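Sequences are here, hints too, so could you generate the full structure?
6 protein chains.
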Amino acid sequence: MSRIDGRTPEQLRPVTIERGWSKHAEGSVLVSFGDTKVLCTASVTEGVPRWRKGSGEGWVTAEYSMLPRATNTRGDRESVKGRIGGRTHEISRLIGRSLRAVIDYKALGENTIVLDCDVLQADGGTRTAAITGAYVALADAVAWAQAKKIVRAGRRPLTGTVAAVSVGIVGGVPMLDLCYEEDVRAETDMNVVCTGDGRFVEVQGTAEAQPFAREELDALLALAVGGCTELAGHQRAALDTVLEK
Amino acid sequence: MSRIDGRTPEQLRPVTIERGWSKHAEGSVLVSFGDTKVLCTASVTEGVPRWRKGSGEGWVTAEYSMLPRATNTRGDRESVKGRIGGRTHEISRLIGRSLRAVIDYKALGENTIVLDCDVLQADGGTRTAAITGAYVALADAVAWAQAKKIVRAGRRPLTGTVAAVSVGIVGGVPMLDLCYEEDVRAETDMNVVCTGDGRFVEVQGTAEAQPFAREELDALLALAVGGCTELAGHQRAALDTVLEK
Amino acid sequence: MSRIDGRTPEQLRPVTIERGWSKHAEGSVLVSFGDTKVLCTASVTEGVPRWRKGSGEGWVTAEYSMLPRATNTRGDRESVKGRIGGRTHEISRLIGRSLRAVIDYKALGENTIVLDCDVLQADGGTRTAAITGAYVALADAVAWAQAKKIVRAGRRPLTGTVAAVSVGIVGGVPMLDLCYEEDVRAETDMNVVCTGDGRFVEVQGTAEAQPFAREELDALLALAVGGCTELAGHQRAALDTVLEK
Amino acid sequence: MSRIDGRTPEQLRPVTIERGWSKHAEGSVLVSFGDTKVLCTASVTEGVPRWRKGSGEGWVTAEYSMLPRATNTRGDRESVKGRIGGRTHEISRLIGRSLRAVIDYKALGENTIVLDCDVLQADGGTRTAAITGAYVALADAVAWAQAKKIVRAGRRPLTGTVAAVSVGIVGGVPMLDLCYEEDVRAETDMNVVCTGDGRFVEVQGTAEAQPFAREELDALLALAVGGCTELAGHQRAALDTVLEK
Amino acid sequence: MSRIDGRTPEQLRPVTIERGWSKHAEGSVLVSFGDTKVLCTASVTEGVPRWRKGSGEGWVTAEYSMLPRATNTRGDRESVKGRIGGRTHEISRLIGRSLRAVIDYKALGENTIVLDCDVLQADGGTRTAAITGAYVALADAVAWAQAKKIVRAGRRPLTGTVAAVSVGIVGGVPMLDLCYEEDVRAETDMNVVCTGDGRFVEVQGTAEAQPFAREELDALLALAVGGCTELAGHQRAALDTVLEK
Amino acid sequence: MSRIDGRTPEQLRPVTIERGWSKHAEGSVLVSFGDTKVLCTASVTEGVPRWRKGSGEGWVTAEYSMLPRATNTRGDRESVKGRIGGRTHEISRLIGRSLRAVIDYKALGENTIVLDCDVLQADGGTRTAAITGAYVALADAVAWAQAKKIVRAGRRPLTGTVAAVSVGIVGGVPMLDLCYEEDVRAETDMNVVCTGDGRFVEVQGTAEAQPFAREELDALLALAVGGCTELAGHQRAALDTVLEK
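Residue numbers (my numbering), protein chains in the order written: chain A, 672 to 916; chain B, 672 to 916; chain C, 672 to 916; chain D, 672 to 916; chain E, 672 to 916; chain F, 672 to 916.
If you are wondering where the hints come from, they were derived from the structure by calculation, not from laboratory data.
From a predicted model like this one, the values you see are computed outputs, not experimental measurements.
Treat the hints with care, since some could be wrong.
One copy or any two copies: either way a pair holds, since identical chains are not told apart in the list.
[Said to hold, decoys possible] Here are the computed lysine to aspartate or glutamate pairs in the EDC-like style, where the Cα-Cα straight-line distance is at most 16 Å:
| id | residue 1 | residue 2 |
| --- | --- | --- |
| 1 | Lys-777 | Asp-676 |
| 2 | Lys-777 | Glu-728 |
| 3 | Lys-820 | Asp-868 |
| 4 | Lys-819 | Glu-717 |
| 5 | Lys-724 | Glu-781 |
| 6 | Lys-694 | Asp-706 |
| 7 | Lys-752 | Glu-858 |
| 8 | Lys-694 | Glu-852 |
| 9 | Lys-777 | Glu-717 |
| 10 | Lys-819 | Glu-781 |
| 11 | Lys-724 | Glu-761 |
| 12 | Lys-819 | Asp-868 |
| 13 | Lys-820 | Glu-781 |
Laid out in structure tokens, this is it:
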């Protein structure tokens, strides 16, 4: 059985992870999952938000946004509307939590890293591409902070790697990494965030059309773990490259 | 092994569902899960939002909010801050999706039901109490609309029942229906929304302290399904009572 | 001549004042004037707003709000609209001023008490019920602060008691404590805030249909003073009860 | 006993009412009560707000604002802060209600008149000057609408005249028309809006320092009625002048 | 060839500069260019915005606004809309930059001067009238600060004078100081800010109907320099008058 | 005399114009002026804003924004702050006006084209790059609308071409197309928008350090016209390429 774009159910779309995309940011990645393209930048600042001062611990947070014409029809800018929508809030929080799962705050010291994930083009899976790319930008930013001695010598702020993928049941078939057209038709939709060693950081499953049974959940989880493992390989490959800057 | 409040790991807190709490709303419930108290009102209006007009289909949506002093320390009002926070947005969306999972839009006709879930007192599990109570308020509102012939005779807008519960791993032990103190100490935290027949509507698991393994996920899901089944019984019992108004 | 609900013109609706409603707040009261129900919580924090720092004086302020379905038809949430309406602003300010009239700032010391008055169900007179209930919550909060030594020994921050009631001319007859249906039909509407010893803190009279004469004003003031005196009795009775917490 | 500026307790400050101040507005008045100067413009538009359409009745509303440096120290602009403060809201509503008290909506027809009252310089009594001046601007706007046949021939939208004045107890002495310095020191502060025939439209008394007794209230009301009568004379004189435009 | 109001193309409208208009502000001017009237106040505060603290340098900024009925049809208040419009932002920034061009920050010391320019009546050229009037208010505020020793003796914060005028091509003819009716019909519109010695501070030319050629630009610049020179004369004359306050 | 990056004073930075960057937008261009990169998308929608309905004329507007880390230090998102800053407003308006200068509204018919210009990386000249790139995206969108028969056959909505460049005086030397480092040090800064035939659409010159003389203005205008002519060549070359989509 083949999918809209000819993939098998358990196949990812082509993945690219382009490091060093921006000359300003301490870490920056243009990640693509098929036609979904997200620019992820990591900004390091010394100091932490007020509520964390004096704790000796750092902070990592994220902001997600879509350009107005990243999608098929133009959306209004949230800056013009004067308020952030619920979906944006929800995804920003998800990305932040996912990355914090692999951060050792003590090792980071009182420094803050902000991940900005701006969707330049959307075709489904923007939040999972954002998490996957943001991890690489974060790794570069941490390395930069270590090189600059902002993070103390010997400290390892990253405790693992993290990647994310969407899975869903479309026409009764569990599938990996849904493109937009599949996502719209999915009966059940799930976003799964895993560490490189196959444990779960976030599991968010939603019945779109009708409630789903335990076996369906199991099938989706298996697909997702496989997809995240493959993405972890892409991340490793990208980070193994020597980045000239 | 006993919990802070003496419960066993698989035990719910005392649950009360008080129907007909408000004289104005078409459905209204004061639900409590232990010390967590949420006032859920359902408001029926004829007509639907603009994007749905002429579809012949109805709409159900929800808004969640906390009174400023529902919690241990007073929080600023979102109306005074002039913006809704990310957490509020996220929970409002979750409640709405959960209830829509048991609605047949065609049968509802072009009518809208808004569920307002206001937390009067918080002690963990406010979103799951809200979903559980809101379902009962929704059922009352649907019955009201049927009695008023706003919903056409013979139509059954509700396709099932829905309830929700939190589960988490605290001190290595999977536990059902966390109170605030447990929630704060949980290594993993999950909110599960199930239909009365034991299928999943939403599964949202988050690693708070460290990533969780598949077996932990399985243990939590089993606990949650059991809890939701028990809550479905409380809902049935409440709805079986004759409500004098 | 009897009223919609059978009362005489100079009769209050049934009044209940339920102290200790919330487990978190330093003072909390669920007050009802007939079908009007307001949850009043008092939150004590050490310190004062910036403009008052170093003065040795405390501060008391209030925020009033209505749940969306407290009324007969659902109102939009002010948090969702992103701005507080004029009516909300006006009533919040009135409650704050009324309570400050019986506060000795010096005796309170540099502490702040915030009164949150959330209308759970509305049937006219929400602002006067809020003031009457908030006074009792305030008294409990002050007692708590004295017990915790946050207020210095021997100091008495409360200089008196305060209660409020609405009066109006309906069908040419001056009446006490209008319910919603009477309020809508009133030619003149007045809210009066009095101390326990019968002096005035606030007098706000408005000609709804046509200007009113001095004799009408006099009749309304007399009714209001009587009502406030009666409410002061209810407050005393509530505060005389031993509160188990 | 003489006051800061040499007046007797029952004396108004010098009052000027300059009609036709603006070349654009249908009615415009620069009113001054001593050093308080308010520019009042009345704007007529055909049609009414949506909630009033088809009623055959008109609408009158008001907006009050202060220039940032109308006062002794500069205040932040509410447009820059992005929200209207409570005081502004409260006064705008008061002005609107006061003017509507002398409007016959039916006679006005489905037309709207907006009164903008912008305080150019403040020295106490800005709201009462605003009401007094706005009435004159409103009268000019109504006359304009009649001349333009926007209001039907023979209809008289104005049912009377309205003026306002502040009164207060300063150093134990009831005084009329407080300037800023007196207002700050007042123990009790009251704003009274009267029709030209001496009946009340609004009475808003506030205990600033300590609760006030019935006799004090009576003394203040008497002063206020006298002041409003005198202001009605100023309004009449201004309107009797032929305005060249 | 004569203009709508009988002027020659190179003629300014009647200019008046009334100093000391407000009793509160450190400098205040009511400036008129024909029927355009702008109230400019200068407010001096000791200290500077946070980003400038410790620099030893002062700051000058401006805020521009229009009263709702300054124009022919009433505009909504930006405070009510909750946001500043693009035009307001743009003009506020222009006024601020123009005045800062003649300020020696070091000589001013760590003090801030805010210029508020509120348009009371608009008939074209409001931003140029605002700059021209604000300069005079600024000069008075600087003199006040020198007299009060807030600016150190011997320091001269003002390094020159600044004035502004609009020019445009209307019906093919370059014209100085456009009134509203001319402005609407202009093919090209330019605002020019000059120092008293004829150099440029700002040049903002816009093709309204069709692009303009270099010769047209040259003609407009020549007209504008002449107009600014004449305005500088009006400023000098106003400042030479002895101001009784 | 050579510049920071080795250019001569009258030399542009390397310019690239990459058409068809986005799969969704009707026109899309990634434009770069050196390290400044702006993504410009053109979105066509049938219909026009309300105030233009029934006129038979179209509308073109623009929105400019910067990604938070487009610059050397991270800026707060305007969507998070809840308001658009003055600079953003000003540039959005400039881009819109510039493009409208080459649009024949009648020929466009009642259709709207929105240009979104999002700065992905900033190094000076972001507004001029945005205008230059947006013109090309606009041309593609117009061609698309013609192909789709949304614009009537035979109509030519574009009346010319438009490009923009910055010029400035740095260290006394007039220079073309300033990079960020030069821009910061410029004594005078000017943005010039020209049509392809060398006429002016916008001229915005600002004295940053000190007022500038007429000869300096002339030198800058000459440089700018040369730069715009060269950019018009780049635009033509880009549009002459066959775009595969």
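Outcome of the hint check:
For a Cα distance limit of 16 Å, the shortest separation of Lys-777 from Asp-676 qualifies neither inside one copy, at 45 Å, nor across copies, at 33 Å. Taking the shortest alpha-carbon separations for Lys-777 and Glu-728, only the intra-copy value of 5 Å comes in at or below 16 Å, while the best inter-copy value is 40 Å. Proximity of Lys-820 to Asp-868 under the C-alpha cut-off of 16 Å is found in neither arrangement, the shortest distances being 29 Å within a copy and 54 Å between copies. With identical chains, the CA atoms of Lys-819 and Glu-717 are at most 16 Å apart within one copy only, with a shortest distance of 11 Å there and 39 Å across copies.
In this assembly of identical chains, the alpha carbons of Lys-724 and Glu-781 lie at most 16 Å apart only when taken from the same copy (8 Å versus 25 Å across copies). In this assembly of identical chains, Lys-694 and Asp-706 lie within 16 Å of each other by CA distance solely across copies; the values are 8 Å between and 24 Å within a copy. With identical chains, the CA atoms of Lys-752 and Glu-858 are never at most 16 Å apart, being 32 Å at best within one copy and 33 Å at best between copies. Taking CA atoms no more than 16 Å apart as the test, Lys-694 paired with Glu-852 passes between copies only; the shortest distance there is 14 Å, against 35 Å inside one copy.
With identical chains, the CA atoms of Lys-777 and Glu-717 are at most 16 Å apart within one copy only, with a shortest distance of 14 Å there and 31 Å across copies. Proximity of Lys-819 to Glu-781 under the C-alpha cut-off of 16 Å is restricted to the intra-copy arrangement: shortest distance 15 Å within a copy versus 35 Å between copies. Neither within a single protomer nor between protomers do Lys-724 and Glu-761 lie at most 16 Å apart by alpha-carbon distance, with minima of 26 Å and 28 Å respectively. For the homomeric pair Lys-819 and Asp-868, neither the shortest alpha-carbon distance inside one copy (29 Å) nor that between copies (51 Å) is at most 16 Å.
Within a single copy, Lys-820 and Glu-781 get their C-alpha atoms as close as 13 Å, which meets the 16 Å cut-off; across copies the closest is 36 Å, which misses it.
The structure does not agree with the numbered hints 1, 3, 7, 11, 12 stated previously, though it agrees with the rest.
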